[in-house]
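Chains as they are written, first to last, in my numbering: chain A, 5 to 181; chain B, 96 to 279; chain C, 144 to 510.
Source of the hints: derived by calculation from the structure; they are not laboratory data.
Here the structure is a predicted model, which is why all the values come from computation and not from measurement.
Okay, derived cross-link-like pairs now, DMTMM-like style, lysine to aspartate or glutamate, Cα gap no bigger than 20 angstroms in a straight line:
| hint | chain 1 | residue 1 | chain 2 | residue 2 |
| --- | --- | --- | --- | --- |
| 1 | A | K172 | B | E250 |
| 2 | C | K464 | B | D242 |
| 3 | A | K173 | B | E229 |
| 4 | C | K178 | B | E202 |
| 5 | C | K464 | B | E159 |
| 6 | B | K164 | C | D460 |
| 7 | B | K120 | C | D460 |
| 8 | A | K169 | B | E229 |
| 9 | A | K172 | B | D248 |
| 10 | B | K164 | C | E193 |
| 11 | C | K464 | B | D240 |
| 12 | C | K381 | B | D122 |
| 13 | C | K178 | B | E199 |
| 14 | C | K438 | B | D122 |
| 15 | B | K195 | B | D138 |
| 16 | B | K195 | C | E483 |
| 17 | C | K484 | B | E199 |
| 18 | B | K160 | C | E439 |
| 19 | C | K338 | C | E389 |
| 20 | C | K178 | B | E225 |
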Amino acid sequence: MASRNIFTIIDNWARSRSIWLLMYCTGCGAVELPPTMTSRFDMERFGIAPAGTPRQADVLLITGYLSIKSLKRVIRAYEQMQAPKYVIGLGACTINGGMYWDSYNTIKMLDLYIPVDVWIAGCMPRPESVIAGLNKLSDMIANDKCNGWEQYTENIKWYRANQKKVIKKWDLPDYSY
Amino acid sequence: MNDNILDYLSDSIAGKFAGDNYTVKGDILSFSINNSEVFNVIDYLYNNEGYRHLSMMSYSDWPEKKIIKLYYIVYSYTDQKTVIINTALNREKPEIVTIKDIFEQAETYEVEFNEMMGIVFNGNSRMGEEFILEGWQGPPPMRRDFDTAQYADEEFMYRPGREDGVDVREHIREITGETGGFDD
Amino acid sequence: MTNDVKIYFGPQHPGITGNMMMEFNLNGETITYAKTHIGYLHRGFEKLMERRSYLQNFTIVCRICVPEPDINEEAYSLAVESLGDYEVPERAQYIRVIVLELARLMSYIMWSGGQAGSMGLYTMPQWAFADRDYLIDLMEMLTGARIYHMYIWPGGVRRDLPAGWTDKLLETLTYIEKRLLDYDRLFFNNALFIKRARGTGIVSDKHARERGIVGPILRGCGIKEDVRVNNPYEVYNKLDMNIITEEGGDVYSRAMVRRREMDQSIRIIRQAVKDMPSGAFYKRPFENPFKFRVKEGITYRKVESARGEYGYFMESDGSEKPRRVHVRGPGYVHAFTVLEKMLIGQKLSDVPVIMTSMGICPPEIER
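Start from the sequences and build out the full structure, keeping to the hints where you can.
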């Protein structure tokens, strides 16, 4: 754990007001993101903006279910993001598999594979719910309660074991957080 | 007047190829034929009768009868009618000749059917290619003896239930005093 | 040996339509080889549908196509009704037509925002998604949900129109008609859009039909094909509509086909509201919902979606669960045999423009 001092408080205050989402539509929940971004439910007034590449993004928004093929790319995108980074799980499919609970190709619990900070329930969540979830994330960042990325580096062996169990065609390096 | 087109067509096909179960329902004619004649029938419909649009191909697994049924659905823009051609393949070794020389979009369907069901299309050079699944080790997933719920149970971990183990309807009843109308 | 660079226009990219990957070989900025990779959204829908009964299936079927979910419910209901010879009351057919045309309008408005955004005009998505939200409000008043309605089921629709809904619908349509004129001034008559879109992504019309191309792409080449006119379903044969075509086969003609069809959709909805009879909105096809068995047989039913011919093949063996349900999305043919050949010779920065214009939507390709 890094040391907590006055600069941490100022950093967290600044980070909670400027959250950049990665533009990656991983599942069907992504169709409610354009209404959230545009003029009716405007999320830019909270300081939330889309970012094109993982190197410039803060938050990875997993919108819905993840197939095995997509999970490998999500892990790669997550590891390319710079710390501090956060993950939000949107929809019922990230919580317990949702309506695809008996499918052979989707994962059922998201936080076995990457650390998740905020869950948003719904199928699919309304734009107001998405903004409420993002506001909760911003409050948690300001109060210094979001350290999922530190958990990932400390427990990397456990996460890697879970990932290798489902991803059969494995070609990611062992340590690259 | 409209039904006569399909009746005439079914007589014309029955005269040239040996098929059976000719059924006309609405705008659709369906019949079944031996799998060695499928290429010739589709070629005849394409060149002589104007059925030039391949709507789709499909399959279905019948382990009770030890066959895999394969369906070809073609459509004519001039007559605006649909023909479904039905053929049966041996379930142990399902093989048939490809139709990608008539319809080039059939190549994609055949690659998917090979991955999902295990049907081999002779003449298509992309057999065995990974199309939808990645790193899949197991039987072709659309076979009826592959149990997807059991596979998901063994492979993935599910979230455990509520910690206090309380039944949800009981809990709602306690909090709100409403019965909900389901159990009465 | 050429000096081509291989890049992956990958699943995470702001310019790609959905979650799919394209693999390119580039010579400078010109594409010399293209291959499509899908599989990132595969849920095994056909296997899941074999394990659920007919009524449970209609609740999950709308998630196959994300931008326009109502066509899935419609095609599924048509297939079940065709297998079992169930009839649908006339009022329900008119309501279904209104819901389908509203879904088409929403999909076209979302397409126009995406097409402008791929060229760099970001005002247009802001307008388009805000106006589409008015239509989503109408659907929420009617069905209770914003995106996945679960409203059309075998035998009719689930509930009747609420009081005051048709008045609100006609007001919203008048507002949308005025906004479409604003879209013309901003985007469709914009000289930069016309200069960039003409001559890009040409589909030559000689073999368009035989290669399996459907929908606005075919109509943009001048070929008159529309499932609503050629194989009418519901009450389309009683409504006054014609097939809209344009010549050229490039991105501009496909955009103009869609723009003119938006006006036609509004006309169709107004006609349907005027002609709608009163009566029942649902005719129950079963006595016991737990034992809803459908007669044996096979059928293939198709509807016209915003992207083309959308078909359902269903086989039933007389039990409570369907034997086989197979979905044919229009993107299945467009994304492989058509796109891989068409992109050779185009520039890399035109790829999002062409893919949005072809209407490639991965969830319906790999279900």
